[in-house]
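J.: Chain residues, written in single-letter form:
There are 2 protein chains.
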Amino acid sequence: MIAIVGGSGDFGQGLAERLRRAGEEVVIGSRTPRDEFVSNEEACRRAEVVFLSVPPGGVADMSHELRDALAGRIVVSVAAPIVFRDGQAGAQPGDLSLAEIASAAAPEARVVAGFHTVSAKALADPDVPLDEDVLLAGNDAGAKDVVAGLAERLVEGRAVDCGRLEVSRWLETLTAVLLNVNRRYKTNAGVRVTGLPE
Amino acid sequence: MIAIVGGSGDFGQGLAERLRRAGEEVVIGSRTPRDEFVSNEEACRRAEVVFLSVPPGGVADMSHELRDALAGRIVVSVAAPIVFRDGQAGAQPGDLSLAEIASAAAPEARVVAGFHTVSAKALADPDVPLDEDVLLAGNDAGAKDVVAGLAERLVEGRAVDCGRLEVSRWLETLTAVLLNVNRRYKTNAGVRVTGLPE
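These protein sequence lines are chains A and B, in that order. Under my numbering, the first residue of the first sequence is numbered 16, with each subsequent residue one higher. Under my numbering, the first residue of the second sequence is numbered 16, with each subsequent residue one higher.
For reference, chain A alone in the conformation it holds in the complex (with noise of 0.2 Å):
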């Protein structure tokens, strides 16, 4: 079971499809538990894989409000510290990376970063093949190859390891990077990393 907690933006919705096209269960959390939503507590307690996705500025109360029901999950985080100015998209990066701030705050959860370059737009339509890898940070090798290989069946691309959950830091700001891309050519951009290994 894979559990989404901040499920009902964009990135979630497309997300949840996505993964329920590809065969897995999936149960979504909300603040406001209605209809299929239920609590972000129960989500997480069902499942073994928990999606991360709420605004950045929610990560640390969140994290730390679901510190027992994440310990000992995989948790992926997805947030990136972007923020907007005269319509601009920008970082606001602190010390830490979101995922370790998530990590700090739930320290019994798995964490994982990824998908920081995974449009939520492009996400939001599940008729659309994602042409593109997904980056992963994290300290737990065996939780990031779970990750992975979710990853995989939702991409054409790969899950490329780009090491410890630190690497996540420079990860999370590269959406800053693709949302000016996408704004210059009006598109939902990806990435793919070359020179990879067959």
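Hints listed in this document are in silico derivations from the structure and should not be mistaken for laboratory results. Don't take each hint at face value.
[As the list claims (entries may be wrong)] The list that follows gives simulated cross-link-like pairs (lysine to aspartate or glutamate, EDC-like), each with its CA atoms no further than 16 Å apart:
hint, chain 1, residue 1, chain 2, residue 2
1, B, Lys201, A, Glu213
2, B, Lys136, B, Asp25
3, B, Lys136, B, Glu213
4, A, Lys136, A, Asp25
5, B, Lys136, B, Glu123
6, A, Lys201, B, Asp146
[As the list claims (entries may be wrong)] Derived DEER-like restraints, expressed as beta-carbon distance ranges:
hint, chain 1, residue 1, chain 2, residue 2, range
7, B, Ala119, A, Gly87, 45 to 55 Å
8, A, Asp110, B, Ala86, 14 to 24 Å
9, B, Arg179, A, Gly164, 44 to 54 Å
10, B, Glu57, A, Asp140, 21 to 31 Å
Since the model is a prediction, treat every value here as computed from it, not as a measurement. Using N, Cα and C, we set each Cβ at its ideal position, and we do this for glycine too.
Fit chain B to the supplied structure of chain A, relying on the hints for placement.
T.: Below, chain B without anything else, positioned relative to chain A:
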């Protein structure tokens, strides 16, 4: 004429050879002029386009020292704020990118940031095609066009306009991600942006 300031490193040497093979005239500047190297100032004065390929700690002083020679020139800032700890690559950016620092120190230079995702090691062997894009950022559209034209003669992929110079903050740190990918996969990784219009 294209100048390379700091052309004695892997990046500068590989770039010089590849530019020459593409039919460009190249002059290499050095702090210690000898043989084929001229002074950095003379290299800048002779060229229309100057690649600033110096270590991150030298960007501010070098740009300031060369500010008169760089006035009116298109300056390509390729530096990234990379640090190594325990053999692992990371980034230690300041509030401004190195390209922004160069621009502030040489205010009449037309600074374009780019090539941060092109491996110096891959660049160093001019017989190996570079199967990747070049990501550019800058505030001077004309300068960015010229650098894009050069870039597309060096790589198999395309020059991607990532927007204003500020975006270089998140391009420069991307180098740290790729260095970790290189370590993990024992390769010289690059990047292609997917989803761009044909």
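J.: Go through the numbered hints given earlier and state which of them the structure violates, listing their numbers in rising order.
T.: 3, 5, 6, 8, 9 and 10
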